[in-house]
Amino acid sequence: MNLHLKKALRARLVAIASFVMIVLILPIFIWFNHDHPTMRWISLAIWWLPLLFALPGMFKGKTYTYGWTGFIILLPFLYAFYYIVDPDKFTWALTLVILSVVYFLASVSYVKQYALSQGIKTNAEAKKAKGIE
Numbered sequence: 314m315n316l317h318l319k320k321a322l323r324a325r326l327v328a329i330a331s332f333v334m335i336v337l338i339l340p341i342f343i344w345f346n347h348d349h350p351t352m353r354w355i356s357l358a359i360w361w362l363p364l365l366f367a368l369p370g371m372f373k374g375k376t377y378t379y380g381w382t383g384f385i386i387l388l389p390f391l392y393a394f395y396y397i398v399d400p401d402k403f404t405w406a407l408t409l410v411i412l413s414v415v416y417f418l419a420s421v422s423y424v425k426q427y428a429l430s431q432g433i434k435t436n437a438e439a440k441k442a443k444g445i446e
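Position in the sequence shown counted from 1, then plus 313, gives you our numbering.
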């Protein structure tokens with residue numbers, strides 16, 4: 314196993330662990346933030362449900378999934394960042410912000426290291442490998 318593949322697998326494990334922790338913590342955080350039951354369910358649908366679509370691709374190791382979840386991870390990041398100024402919710406919010414940043418960095422690292430392990434060094438080489446150019 315080459316060095317880039319080892320780094321890619323390590324980054325993938327960190328990404329999966331942080332993403333799963335976000336998926337587990339976010340609904341608890343949302344549930345205790347809203348008093349009205351309808352707002353709880355609406356918030357879960359908006360902020361949490363889109364994260365679940367990424368789980369199958371992540372566990373299969375699809376690099377494309379790790380690429381587009383970099384955008385989806387902004388949902389819990391922004392939700393938590395909004396509540397970070399509230400002293401009662403600071404710990405939960407900070408935890409989610411940190412996990413979101415860790416996930417983003419790990420997913421970008423996984424995609425890059427996996428590409429390097431396959432011998433793809435530039436975007437032009439990646440397009441040529443896929444037959445686009």
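Hints are not guaranteed to be accurate.
So the derived label-pair ranges between C-beta atoms look like this [claimed, not checked]: (1) T404 to R323: 24 to 34 Å; (2) L368 to I411: 28 to 38 Å; (3) A437 to W344: 28 to 38 Å; (4) I338 to P400: 12 to 22 Å.
Derived by calculation from the structure, the hints in this document are not laboratory data.
Just so it is clear, the structure is predicted and the values come from calculations on it, not from any experiment.
Don't be surprised by glycine CBs; every beta carbon is placed ideally from N, CA and C.
>> So, against the hints stated earlier in the document, which numbers end up violated here?
In response: Result: hints 2 and 3 break, sorted rising.
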